[in-house]
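*Asks:* Take a look at the letters that make up each chain.
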Amino acid sequence: MKKIWIIAVRELKTFFDSLTAYVLIIAFLGLSGFFTWLFGSDIFLMGQATLQPFFSVAYWTLFFFTPALTMRMLAEENKTGTIELLLTKAVTDWQVILGKFFACLMLIGIALALTLPYYISVWALGPIDHGSVWCGYLGLILMSMTYISIGLFTSSVTNNQIVAFLLSLFIGVFFLIIFNVMSSNFTGQIGEIFSYLSLSSHFDSISRGVIDSKDVIFFLSVSIFGLILAELSLSKRNIVD
Amino acid sequence: MNIVVENLTKKYGMQKAVDDISFHANTGEILGFLGPNGAGKTTTMKIISCFMAPTSGDVKVNGRSILSNNEEIKKKIGYLPENNPLYYDMPVMEYLAFAGELQGIGKDKLHGKITAMIHTCGLNEEKHKKIGELSKGFRQRVGLAQALIHDPEILILDEPTSGLDPNQITEIRKLIRQIGKEKTVILSTHILPEVEATCDRILIINNGKIVADGTPGTLRKQSHGNEVLQVQIADAGNMDEVISTLQAIETIQMVDPLPGSADTFILQSEPGATSRRAVFNLCVQKKWVLTEMKPVETKLEDIFRELTKD
Numbered sequence: 003m004k005k006i007w008i009i010a011v012r013e014l015k016t017f018f019d020s021l022t023a024y025v026l027i028i029a030f031l032g033l034s035g036f037f038t039w040l041f042g043s044d045i046f047l048m049g050q051a052t053l054q055p056f057f058s059v060a061y062w063t064l065f066f067f068t069p070a071l072t073m074r075m076l077a078e079e080n081k082t083g084t085i086e087l088l089l090t091k092a093v094t095d096w097q098v099i100l101g102k103f104f105a106c107l108m109l110i111g112i113a114l115a116l117t118l119p120y121y122i123s124v125w126a127l128g129p130i131d132h133g134s135v136w137c138g139y140l141g142l143i144l145m146s147m148t149y150i151s152i153g154l155f156t157s158s159v160t161n162n163q164i165v166a167f168l169l170s171l172f173i174g175v176f177f178l179i180i181f182n183v184m185s186s187n188f189t190g191q192i193g194e195i196f197s198y199l200s201l202s203s204h205f206d207s208i209s210r211g212v213i214d215s216k217d218v219i220f221f222l223s224v225s226i227f228g229l230i231l232a233e234l235s236l237s238k239r240n241i242v243d
Numbered sequence: 163m164n165i166v167v168e169n170l171t172k173k174y175g176m177q178k179a180v181d182d183i184s185f186h187a188n189t190g191e192i193l194g195f196l197g198p199n200g201a202g203k204t205t206t207m208k209i210i211s212c213f214m215a216p217t218s219g220d221v222k223v224n225g226r227s228i229l230s231n232n233e234e235i236k237k238k239i240g241y242l243p244e245n246n247p248l249y250y251d252m253p254v255m256e257y258l259a260f261a262g263e264l265q266g267i268g269k270d271k272l273h274g275k276i277t278a279m280i281h282t283c284g285l286n287e288e289k290h291k292k293i294g295e296l297s298k299g300f301r302q303r304v305g306l307a308q309a310l311i312h313d314p315e316i317l318i319l320d321e322p323t324s325g326l327d328p329n330q331i332t333e334i335r336k337l338i339r340q341i342g343k344e345k346t347v348i349l350s351t352h353i354l355p356e357v358e359a360t361c362d363r364i365l366i367i368n369n370g371k372i373v374a375d376g377t378p379g380t381l382r383k384q385s386h387g388n389e390v391l392q393v394q395i396a397d398a399g400n401m402d403e404v405i406s407t408l409q410a411i412e413t414i415q416m417v418d419p420l421p422g423s424a425d426t427f428i429l430q431s432e433p434g435a436t437s438r439r440a441v442f443n444l445c446v447q448k449k450w451v452l453t454e455m456k457p458v459e460t461k462l463e464d465i466f467r468e469l470t471k472d
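Sequence lines, in order, name chains Z and R.
Mapping of the first sequence onto our numbering: residues 3 to 243, in sequence order.
Mapping of the second sequence onto our numbering: residues 163 to 472, in sequence order.
It is worth saying that the hints were derived from the structure and are not from the lab.
Wrong hints could be hidden among the right ones.
[As the list claims (entries may be wrong)] Dumping the calculated BS3-like pairs for lysine-lysine here, alpha-carbon to alpha-carbon at most 27 Å:
(1) R/K237 x Z/K15
(2) R/K178 x Z/K238
(3) R/K271 x Z/K5
(4) Z/K5 x R/K237
(5) R/K269 x R/K238
(6) R/K291 x Z/K81
(7) Z/K238 x Z/K81
(8) Z/K238 x R/K292
(9) R/K269 x Z/K5
(10) R/K471 x R/K449
(11) R/K222 x Z/K238
(12) Z/K81 x Z/K15
(13) R/K222 x Z/K15
(14) R/K291 x Z/K5
(15) Z/K81 x R/K292
(16) R/K269 x Z/K15
(17) R/K237 x Z/K238
(18) Z/K238 x R/K269
(19) R/K173 x Z/K4
(20) R/K237 x R/K269
(21) R/K238 x Z/K238
(22) Z/K4 x R/K178
(23) R/K178 x Z/K5
(24) R/K222 x R/K238
(25) R/K271 x Z/K81
[Stated by the list, open to error] Pulled from the structure, derived: some chain Z residues nowhere near chain R, Cβ distances all over 10 Å:
(26) T117
(27) D206
(28) S215
[As the list claims (entries may be wrong)] Reference listing, derived: stretches of chain Z covered by chain R, where coverage requires no fewer than 3 residues with Cβ under 8 Å from a Cβ of chain R:
(29) 4-14
(30) 21-35
(31) 89-101
Each residue gets a CB set at the ideal place from its N, CA and C atoms; glycine is no exception.
Chain Z on its own, in the form it takes in the complex (with noise of 0.2 Å):
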């Protein structure tokens, strides 16, 4: 647990060293903030007191945002050789992996954080939903963990940051908009599948307040289904045939 910790915090001075961090948060404070109070269906164009509009350009901030934090994680690492430097320390593949993950978590937390006078404000202006807006930020927190698994896996996979950037969003769009369409292409068992993979549905079900287990669970597996992928092409070095 402490050689984890150690590595996280390491990756997370590094993004804030490489200005990554400042670039990330400005960014996603910039396009959030003009998106609920300024622009489109804002805050005050609904006229009700809820960080819906937030959530939703959250929504998809985060999904361009997470690969682009995730790209150099592993990918850099294996360009470069430091990643032998790392191994050779007496640490293991999941150790590191998992100090990557909770890094780039905790950087998207930060990023998270910042966004509470948001809330504050909504508060000052009218009688809001406590409980849905909590979930809501669960619900954000839980979809960067899914994100942050596949860009690691996709990372991990080439030595190239832009391969694995691009890779991760193609993975991300089947979850984000594909099995959604499917699922309303299909119908009975298929389409029932498809709409259980679709991130989208579980996004909504929690962002509006509803904590259900199943949804927890979905995210929780995809994302530990992406830590394992992850470690097994980090450790595929190793294998004795």
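Given chain Z, work out where chain R should sit, using these hints.
*Replies:* For chain R alone, kept in the frame of chain Z given last:
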């Protein structure tokens, strides 16, 4: 800590990078890996340092296999990979702290270790800079410092002096020699004088196989058993006469004039025999002035070339 490598083989696809090699290294020994590019040096080192598993065979550190005791053995190894990869956007001190913590150094001892390493590797003036801002030589020192920070009992260095200037090379060699007194050091290089200067034992690898194993001295003996002398004789007059007279000495097998010189000769003795005394006596007898007589050592380069040519 002794390392025993048993029938190690590593295949990349169909190609065998390391082909059934076995050797051992003992405490207090500096073992030099020598070989042309692509001979399998780096692959062997990657396997010993627990970065990747061999296709077959095993490495035992103090009798424990790296395949099953990976975690525990990694703590005892300090490793400097080829091309010295480092996190360029981290400051030196922070990076050393990171490396130390990962190797399990406690918070209380960490600071002391880092200070000591910075002192040993001469990084004092650069310690607050980012690694990416350092020159190649200083990066190499950071690489060494991170390998040594947890005081490992085994040190594996893949081309430790590449990219350093002559002064730094001498310093690093001195450092390695000093460390090698009580630890097991394996280093690879293709710089031949380096092996002679630092290593107690040499392994020459070619095409994934060990082609020679021994001290620089024994390797020389193996490749050329005969004594070779270079002799310069002044005021001797006719060169052909000198050659035929020298040839007449019983222990001398062959006499050649040194190309480009009128009075210098290369004498090869019969196997196991020495002819220095006889040459001297002959010169005295003939009243020739012997201005130079020195043994010609077979260069390690020649041995290397002989063993690794295909």
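*Asks:* Each hint should be assessed against the structure and marked as holding or not.
*Replies:* Cross-check of the supplied hints:
For the proposed pair R/K237 and Z/K15, the alpha carbon gap of about 25 Å is at most 27 Å, so the pair holds. Between R/K178 and Z/K238 the alpha-carbon distance is near 18 Å, which keeps this suggested pair within the 27 Å criterion. About 17 Å separates the Cα atoms of R/K271 and Z/K5, which keeps this hinted pair within 27 Å; it holds. Simply put, Z/K5 and R/K237 have alpha-carbon atoms about 13 Å apart, close enough for the 27 Å limit, and the pair holds.
Distance check on the hinted pair: R/K269 and R/K238 sit about 19 Å apart at the alpha-carbon level, within 27 Å; holds. A hinted pair counts as satisfied when its Cα atoms are at most 27 Å apart, and R/K291 with Z/K81 qualifies at roughly 23 Å. Under the criterion of a C-alpha separation no larger than 27 Å, the hint pairing Z/K238 with Z/K81 is consistent with the structure, at around 16 Å. For a cut-off of 27 Å, the pair hint linking Z/K238 to R/K292 is broken: about 32 Å separates their Cα positions.
For a cut-off of 27 Å, the pair hint linking R/K269 to Z/K5 stands: about 13 Å separates their Cα positions. Our distance criterion of 27 Å between C-alpha atoms is broken by R/K471 and R/K449, whose separation comes to about 46 Å. For the hint pairing R/K222 with Z/K238, the CA-to-CA distance comes to about 22 Å; that is within 27 Å, so the pair holds. Of the pairs offered as hints, the one joining Z/K81 and Z/K15 holds, with about 20 Å between alpha carbons and a cut-off of 27 Å not exceeded.
The hinted pair formed by R/K222 and Z/K15 fails the criterion: a straight-line CA distance of about 37 Å is larger than 27 Å. Proximity of R/K291 to Z/K5 is assessed by CA-CA distance (about 25 Å); at most 27 Å being required, the pair is judged to hold. Proposed proximity of Z/K81 and R/K292 is supported: the alpha carbons are some 20 Å apart, at most 27 Å. A threshold of 27 Å between alpha carbons decides the hint, and for R/K269 with Z/K15 the separation of about 19 Å falls inside it, so the pair holds.
For a cut-off of 27 Å, the pair hint linking R/K237 to Z/K238 stands: about 22 Å separates their Cα positions. Note on Z/K238 and R/K269: the hinted pairing is violated, with a Cα-Cα distance of about 33 Å set against a maximum of 27 Å. Proposed proximity of R/K173 and Z/K4 is contradicted: the alpha carbons are some 35 Å apart, above 27 Å. Among the hinted pairs, R/K237 with R/K269 is consistent with the structure: their alpha-carbon atoms are about 17 Å apart, no more than 27 Å.
The hinted pair formed by R/K238 and Z/K238 meets the criterion: a straight-line CA distance of about 24 Å does not exceed 27 Å. About 39 Å separates the Cα atoms of Z/K4 and R/K178, which puts this hinted pair outside 27 Å; it is violated. With a C-alpha separation of about 35 Å, the suggested pairing of R/K178 with Z/K5 is violated against the 27 Å cut-off. Annotation: proposed proximity of R/K222 to R/K238 holds, straight-line Cα distance about 13 Å (limit 27 Å).
Of the pairs offered as hints, the one joining R/K271 and Z/K81 is violated, with about 33 Å between alpha carbons and a cut-off of 27 Å exceeded. Distance check on Z/T117: its Cβ is at least 27 Å (rounded) from any Cβ of chain R, clearing the 10 Å threshold; non-interface status holds. Annotated as non-interface, Z/D206 keeps its C-beta farther than 10 Å from every C-beta of chain R; the closest such distance is 39 Å. The beta carbon of Z/S215 sits about 36 Å from the closest Cβ of chain R, which is more than 10 Å, so the claim that it is off the interface holds.
Coverage of a stretch by a chain is defined here by at least three residues with a beta carbon nearer than 8 Å to that chain's beta carbons; for the segment 4-14 of chain Z and chain R the count is 4, and the condition holds. Using a Cβ-Cβ cut-off of 8 Å, 0 residues of the segment 21-35 of chain Z lie near chain R, which falls short of the minimum of three, so the contact claim is violated. Beta-carbon proximity to chain R at under 8 Å applies to 6 residues in the segment 89-101 of chain Z; the threshold of 3 is reached and the given coverage holds.
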